[in-house]
Amino acid sequence: MADEYKPMGISMTNLTIGYGGLLIAWGIAVSYLSDSNSITSYLPSIAGVFVVIPGVLANMQPEKKKLWMHFAVLGGAACALGGTRFFMVMSDGIDYASGSMLMLLLTGSLYTYLCVQSFIHARKNATE
Numbered sequence: 009m010a011d012e013y014k015p016m017g018i019s020m021t022n023l024t025i026g027y028g029g030l031l032i033a034w035g036i037a038v039s040y041l042s043d044s045n046s047i048t049s050y051l052p053s054i055a056g057v058f059v060v061i062p063g064v065l066a067n068m069q070p071e072k073k074k075l076w077m078h079f080a081v082l083g084g085a086a087c088a089l090g091g092t093r094f095f096m097v098m099s100d101g102i103d104y105a106s107g108s109m110l111m112l113l114l115t116g117s118l119y120t121y122l123c124v125q126s127f128i129h130a131r132k133n134a135t136e
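For the sequence shown, position 34 (counting from the first letter as 1) is numbered 42 according to the numbering used here, and the numbering increases by one without interruption.
Any given hint could be a false lead.
Stated by the list, open to error - Quick list of in silico lysine-lysine cross-link-like pairs, DSS-like style, CA-CA up to 25 Å:
1) Lys14 x Lys74
2) Lys132 x Lys14
3) Lys132 x Lys74
4) Lys73 x Lys14
5) Lys72 x Lys14
6) Lys132 x Lys73
7) Lys72 x Lys132
It should be emphasised that the hints constitute simulated quantities derived from the structure, not laboratory data.
Build out the structure end to end from the sequences listed, making use of the hints.
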């Protein structure tokens, strides 16, 4: 696609892979730093897998890019939605868990916004 939407000069598929990698690294780092034995501390990593896999598949199967990117944005929206729990625990102060929730809320919202902008851009270019 010649006129692809590229926020910050990065293709959306590569941004998706990077965002998924960030989530995976975040979950592992927070679990390690907090000495947590709870599976919930790995939730960002689990969400990252559900973002990075469609991103990789979109790069591997460009003919199905639209399908895979729609799956990826669902993962980003789920991160944003899961991060809203931050508002329930923010009065307790910022710790590893609430920090992860805030990170999911902010990055998931931004990623979802960029995906929607990409979809709008693709739709406008398809009609021209």
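Do the hints match the structure? See the list:
1. Lys14 x Lys74: This hinted pair holds, its Cα atoms lying about 15 Å apart.
2. Lys132 x Lys14: 15 Å, holds
3. Lys132 x Lys74: Within the cut-off at roughly 15 Å; holds.
4. Lys73 x Lys14: 15 Å, holds
5. Lys72 x Lys14: Given pair Lys72, Lys14 holds - Cα atoms ~19 Å apart, limit 25 Å.
6. Lys132 x Lys73: Holds, because 17 Å separates the two Cα atoms, which is no more than 25 Å.
7. Lys72 x Lys132: Status holds; Cα separation ~19 Å.
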